[in-house]
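*Asks:* Each chain, letter by letter, is given below.
There are 2 protein chains.
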Amino acid sequence: MSDLAAPSPRHFGDRLAARVAERESQLVVGLDPDPERLWRALEPGPDAGGASSRADALAQSVLDHCRALIDAVASQCVAAKLQLACFERLGPAGWRVLFDVAAHARSASLLVIADGKRGDVPVSAHAYAQALVGQDEPPGAAGAGLGADATTVSPLLGGDALEPFLDRARRAGAGLFVLVRTSNAGAADVQDLELSDGRPLWERLAEMVAGAGERGARSGLADVGAVLGATAPEHLARARELMPEAIFLLPGVGTQGGDVEELGPAFGPGPAAALITASRSIADAHLEGGGPPERAAAAEAQRLRSLAWSLSG
Amino acid sequence: MSDLAAPSPRHFGDRLAARVAERESQLVVGLDPDPERLWRALEPGPDAGGASSRADALAQSVLDHCRALIDAVASQCVAAKLQLACFERLGPAGWRVLFDVAAHARSASLLVIADGKRGDVPVSAHAYAQALVGQDEPPGAAGAGLGADATTVSPLLGGDALEPFLDRARRAGAGLFVLVRTSNAGAADVQDLELSDGRPLWERLAEMVAGAGERGARSGLADVGAVLGATAPEHLARARELMPEAIFLLPGVGTQGGDVEELGPAFGPGPAAALITASRSIADAHLEGGGPPERAAAAEAQRLRSLAWSLSG
Numbered sequence: 000m001s002d003l004a005a006p007s008p009r010h011f012g013d014r015l016a017a018r019v020a021e022r023e024s025q026l027v028v029g030l031d032p033d034p035e036r037l038w039r040a041l042e043p044g045p046d047a048g049g050a051s052s053r054a055d056a057l058a059q060s061v062l063d064h065c066r067a068l069i070d071a072v073a074s075q076c077v078a079a080k081l082q083l084a085c086f087e088r089l090g091p092a093g094w095r096v097l098f099d100v101a102a103h104a105r106s107a108s109l110l111v112i113a114d115g116k117r118g119d120v121p122v123s124a125h126a127y128a129q130a131l132v133g134q135d136e137p138p139g140a141a142g143a144g145l146g147a148d149a150t151t152v153s154p155l156l157g158g159d160a161l162e163p164f165l166d167r168a169r170r171a172g173a174g175l176f177v178l179v180r181t182s183n184a185g186a187a188d189v190q191d192l193e194l195s196d197g198r199p200l201w202e203r204l205a206e207m208v209a210g211a212g213e214r215g216a217r218s219g220l221a222d223v224g225a226v227l228g229a230t231a232p233e234h235l236a237r238a239r240e241l242m243p244e245a246i247f248l249l250p251g252v253g254t255q256g257g258d259v260e261e262l263g264p265a266f267g268p269g270p271a272a273a274l275i276t277a278s279r280s281i282a283d284a285h286l287e288g289g290g291p292p293e294r295a296a297a298a299e300a301q302r303l304r305s306l307a308w309s310l311s312g
Numbered sequence: 000m001s002d003l004a005a006p007s008p009r010h011f012g013d014r015l016a017a018r019v020a021e022r023e024s025q026l027v028v029g030l031d032p033d034p035e036r037l038w039r040a041l042e043p044g045p046d047a048g049g050a051s052s053r054a055d056a057l058a059q060s061v062l063d064h065c066r067a068l069i070d071a072v073a074s075q076c077v078a079a080k081l082q083l084a085c086f087e088r089l090g091p092a093g094w095r096v097l098f099d100v101a102a103h104a105r106s107a108s109l110l111v112i113a114d115g116k117r118g119d120v121p122v123s124a125h126a127y128a129q130a131l132v133g134q135d136e137p138p139g140a141a142g143a144g145l146g147a148d149a150t151t152v153s154p155l156l157g158g159d160a161l162e163p164f165l166d167r168a169r170r171a172g173a174g175l176f177v178l179v180r181t182s183n184a185g186a187a188d189v190q191d192l193e194l195s196d197g198r199p200l201w202e203r204l205a206e207m208v209a210g211a212g213e214r215g216a217r218s219g220l221a222d223v224g225a226v227l228g229a230t231a232p233e234h235l236a237r238a239r240e241l242m243p244e245a246i247f248l249l250p251g252v253g254t255q256g257g258d259v260e261e262l263g264p265a266f267g268p269g270p271a272a273a274l275i276t277a278s279r280s281i282a283d284a285h286l287e288g289g290g291p292p293e294r295a296a297a298a299e300a301q302r303l304r305s306l307a308w309s310l311s312g
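As they're listed, the protein sequences go chains A and B.
Numbering of the first sequence is given in numbering that gives the first Met the number 0, commencing with residue 0 and proceeding in unit increments.
Numbering of the second sequence is given in numbering that gives the first Met the number 0, commencing with residue 0 and proceeding in unit increments.
Treat the hints as calculated values from the structure; they're not laboratory data.
Even glycine gets a Cβ: it sits at the ideal position worked out from N, Cα and C.
Be careful, since some hints might not be right.
Said to hold, decoys possible - To spell it out: a stretch of chain B is covered by chain A in this simulated footprint if at least three of its residues, at any positions, have a beta carbon under 8 Å from a beta carbon of chain A; those stretches are:
{"id": "1", "stretch": "163-171"}
{"id": "2", "stretch": "201-214"}
Stated by the list, open to error - Partial chain A-side listing against chain B, Cβ under 7 Å, derived:
{"id": "3", "residue": "Trp38"}
{"id": "4", "residue": "Ala40"}
{"id": "5", "residue": "Cys85"}
{"id": "6", "residue": "Lys116"}
{"id": "7", "residue": "Glu206"}
As the list claims (entries may be wrong) - If we take Cβ atoms under 10 Å as the criterion, some of the chain B residues that face chain A in the derived model are:
{"id": "8", "residue": "Asp63"}
{"id": "9", "residue": "Arg66"}
{"id": "10", "residue": "Ala67"}
{"id": "11", "residue": "Ile69"}
{"id": "12", "residue": "Leu83"}
{"id": "13", "residue": "Cys85"}
{"id": "14", "residue": "Ser108"}
{"id": "15", "residue": "Ala126"}
{"id": "16", "residue": "Ala130"}
{"id": "17", "residue": "Ser278"}
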């Protein structure tokens, strides 16, 4: 983990490690905008333009909300995680907002994680990789891709379905976070199923992650990481054993019940070996403690950043 | 399966059964537009407007292609399956094209299947369900949802992650198709893993499907179906045993190697118990046999429709 000052510009693990060291943060702000919980409520407006104009007004409100949230917490964070579902539900205008929010996050020096959990047969996975990771395809549409620094993907369809994501990510110096053990209660239904060798399914997924990653020369971290819910910290030590070089993306802190203090094992290989994502606990901090949402969000982000940083020190 | 003439308007299984009977078709045309294989190639154009104008021109070409394909084959089909990845890769303009293609499919009396294979924690699954199934949310944005008649979903995150899709689909008279055993070679990596009880994982997923569905009063078909690759027909008889009321969505016919003739067991419960989807084998039929693409696509669709219909007779 030495020599972080001059990282290779191309490998995701190295890029992330340099960024984490520079910002002293492993915090990822989750952008999951909910039209019913925007900082500035949507004005009812004159309603002259009908459904399409209401959809545009809502899209603008969501964009304003996300920009304000980014501005409030960027100094405490290393990345922004955009929950694609929350943009898709805005209809056609939402995909434009997604791109604008990603641009704003970049302008605040944050890495962009596209949280879409996509997974499909290879030909379609190729198209998803173009949509989320690529910036230079399809032909004739330069700039059509979101150009995310990393994207979350589902392993359910197997190795050949991950390949197109991996190829494109690697060429772009981007990373993948593969679902291994998610933060929801129902995760146990499938991910914990016992295999014939006595292990839970998620351990097999962890092995896929470990086998797919390539190690960055400077950081020692792989370009294929794992999504592991912060709500099940009992799995982290075992997960680290199975994936010694993977970067862990740990959602579920705060509102979903995960405690930062229990995430220590995730940081074994170094400060950039785990990213802690918090969404509602930051965006809704003012509902708990009062005051302007910007100030409450900044304070909560600072608290989470310090906690995580002290764990990995 | 009697009395199909007056189906309940609300239950997906009943709606589909009526539509299949009326059109004598179980064929679903897959819309997976590839910018490099459009029927009418994108004109290079003067390029005055830069990347954004090129992206818009490409989006228009994709829309024209999809409309022409729908017009050519709609009379042979019961539904159109829109591969979301292929619209997302067009950037912000792509989500608009997706909506326009869905509207065109509806105007050609086709059901719309949104093939996104989404799967996320409950709060995000709720947003995806709004995006794809709902038409009346979020508040203030009437018409923001795609309003698909059915959507494909991933079961990897477990039962609580399927619930939001199920709730919304049921209220809209829509259906779900849960990934059970996909058509790609890598499907075996995870879906065929042997569980401690000696069965492959996909059989457990099949049980989730069987447990989640509600039976339509008229058709006897459930509103939760299964995606089963036509490329592994050896699984179909067993899948039917495990999911006696589920509608099977069978991709992989043609280009991916699946043979319609081997799909008989899927139709056990009745003509609407399985849908056969073909994408490239229809859209690219002219590359094989020559002639105008419209005519070749129509002929191939007619061939597939007749084959499937004779199997289920």
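*Asks:* If a hint holds in the structure, say so; if it does not, say that too.
*Replies:* A quick look at each hint next to the structure:
no., hint, in the structure
1, 163-171, "violated (count 0)"
2, 201-214, "holds (count 3)"
3, Trp38, "violated, 16 Å"
4, Ala40, "violated, 10 Å"
5, Cys85, "holds, 5 Å"
6, Lys116, "holds, 5 Å"
7, Glu206, "violated, 11 Å"
8, Asp63, "violated, 14 Å"
9, Arg66, "violated, 17 Å"
10, Ala67, "violated, 19 Å"
11, Ile69, "violated, 19 Å"
12, Leu83, "holds, 8 Å"
13, Cys85, "holds, 5 Å"
14, Ser108, "violated, 24 Å"
15, Ala126, "holds, 4 Å"
16, Ala130, "holds, 4 Å"
17, Ser278, "holds, 9 Å"
Checked against the numbered hints above, the structure breaks hints 1, 3, 4, 7, 8, 9, 10, 11, 14 and satisfies the rest.
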